[in-house]
Amino acid sequence: MSLFAALSVGASGMSAQRVRAEALTENLANSETTRTPDGGPYRRKDVVFQSAPVGSPFSSVFDTQMQSVGGVQVADVVTDTSAPEMRYMPGHPDANSEGYVAYPHMNPAEDMVDLMGAARNYEANVAAMNAVKDMIQKSIDLLH
Amino acid sequence: MSFPVSGISGINITDAIRPIAGVGQSSSSGFQDALNSAIQKVESTGNEASASVERFLGGEGEELHTTVLATQRAEMSFDMFQQVRNKMVGAYQEIMKMQI
Amino acid sequence: MLDSLSGDIERYMDLLSARQKLVASNIANADTPGYRTQDIDFQSEFASAMGGAPRANAVSGLAIKNDGNNVDMDREARLLSENALRFSVASNLMRGHIQMVKSAIKEGAGS
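In order, the protein sequences belong to chains E, L and D. Using my numbering, count along the first sequence one by one with no gaps and you end on 281. Using my numbering, count along the second sequence one by one with no gaps and you end on 150. Using my numbering, count along the third sequence one by one with no gaps and you end on 113.
It is worth saying that the hints were derived from the structure and are not from the lab. We put the CB at the ideal spot given by N, CA and C, even for glycine. Keep in mind that the hints are not guaranteed to be accurate.
Only some residues are given here: those of chain L computed to face chain E with a beta carbon under 8 angstroms [stated by the list, open to error]:
hint, residue
1, Gly-109
2, Gly-111
3, Glu-112
4, Glu-113
5, Leu-114
6, His-115
7, Val-118
8, Leu-119
9, Gln-122
With the sequences and hints as input, model every part of the structure.
This is the structure in structure tokens:
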């Protein structure tokens with residue numbers, strides 16, 4: 138892949154980190170949600186990344202230099218299946234017959250740290266794209 | 051009083067060209083060689099540049115700097131060819147101006 | 003014009019481009035489980051007489067995280083800047099070289 142395809146790689150990184158950030162934000166917003174449309178407390182979402190070949194939108198099918206590993210994509214968004222956290226709150230409207238309320242099973246601090254990581258990696262991908270863009274511009278400048 | 055008049059000898063054209071040309075070739079084929087070599091360069095660098103541009107436009111993973119450098123080389127080869135050709139034309143004109 | 007200096011500079015630029023592509027891939031895959039950092043052996047590729055696409059290798063000496071990923075963002079950030087700067091140097095050198103040859107041709111015209 139040429140330097141132009143490296144732009145696509147950076148873009149794929151930005152996309153993937155954004156999906157991850159969205160899932161983490163949703164987790165954080167719902168860390169105390171006891172009632173969802175499907176019934177039961179909110180279940181945490183996790184994003185799984187995998188490497189994916191990425192070409193430039195301008196590349197032909199005959200681009201022989203495309204390597205099998207290049208960009209990244211979201212392979213799956215996995216919903217947590219572990220048991221919810223039960224808290225004893227008899228007065229709560231969602232309490233069950235024994236007085237326990239099912240809360241989402243998650244650690245907000247962990248998701249907060251992950252969210253910061255996602256934001257930082259998003260910016261790293263932006264920096265990569267800018268560096269590649271500058272190199273391409275330098276090549277153009279060779280045309281006096 | 052009569053002076054011995056020798057026959058008119060032919061002019062050695064290459065000797066006349068030599069000081070003007072500055073190429074330092076000892077025969078008239080020297081100019082031809084220089085011109086042929088320049089033409090070959092123009093052709094090869096020109097073909098390489100065209101092929102590189104085609105590969106770039108066709109998205110076959112050709113690096114932009116490769117294409118740019120190939121076109122620059124073709125341009126320089128052509129400039130060089132023009133200079134050799136101009137020198138030849140200039141030398142020819144000098145010879146034509148000479149009173150025989 | 004087709005001298006070895008401009009050929010060398012061009013090869014240098016080819017290798018820097020290849021390296022930067024791998025840096026971009028490493029950065030994009032910084033959170034991909036099982037992904038291993040890739041690089042090219044710059045000096046040996048540059049020294050080797052053969053042209054063609056350089057080979058991507060695994061990088062040794064990087065710590066592997068729990069999910070199998072060993073991308074070190076600091077390393078990649080450093081390489082990102084360094085490759086871009088070296089490319090800039092090479093392209094400026096090339097431009098100077100081209101201008102020198104062009105003016106040598108023009109000087110020949112005047113004589």
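These are the hints, each one checked on the structure:
| no. | hint | verdict |
| --- | --- | --- |
| 1 | Gly-109 | holds (4 angstroms) |
| 2 | Gly-111 | holds (4 angstroms) |
| 3 | Glu-112 | holds (7 angstroms) |
| 4 | Glu-113 | holds (5 angstroms) |
| 5 | Leu-114 | holds (4 angstroms) |
| 6 | His-115 | holds (4 angstroms) |
| 7 | Val-118 | holds (5 angstroms) |
| 8 | Leu-119 | holds (7 angstroms) |
| 9 | Gln-122 | holds (7 angstroms) |
In the structure shown, no violation is registered for any of the earlier numbered hints.
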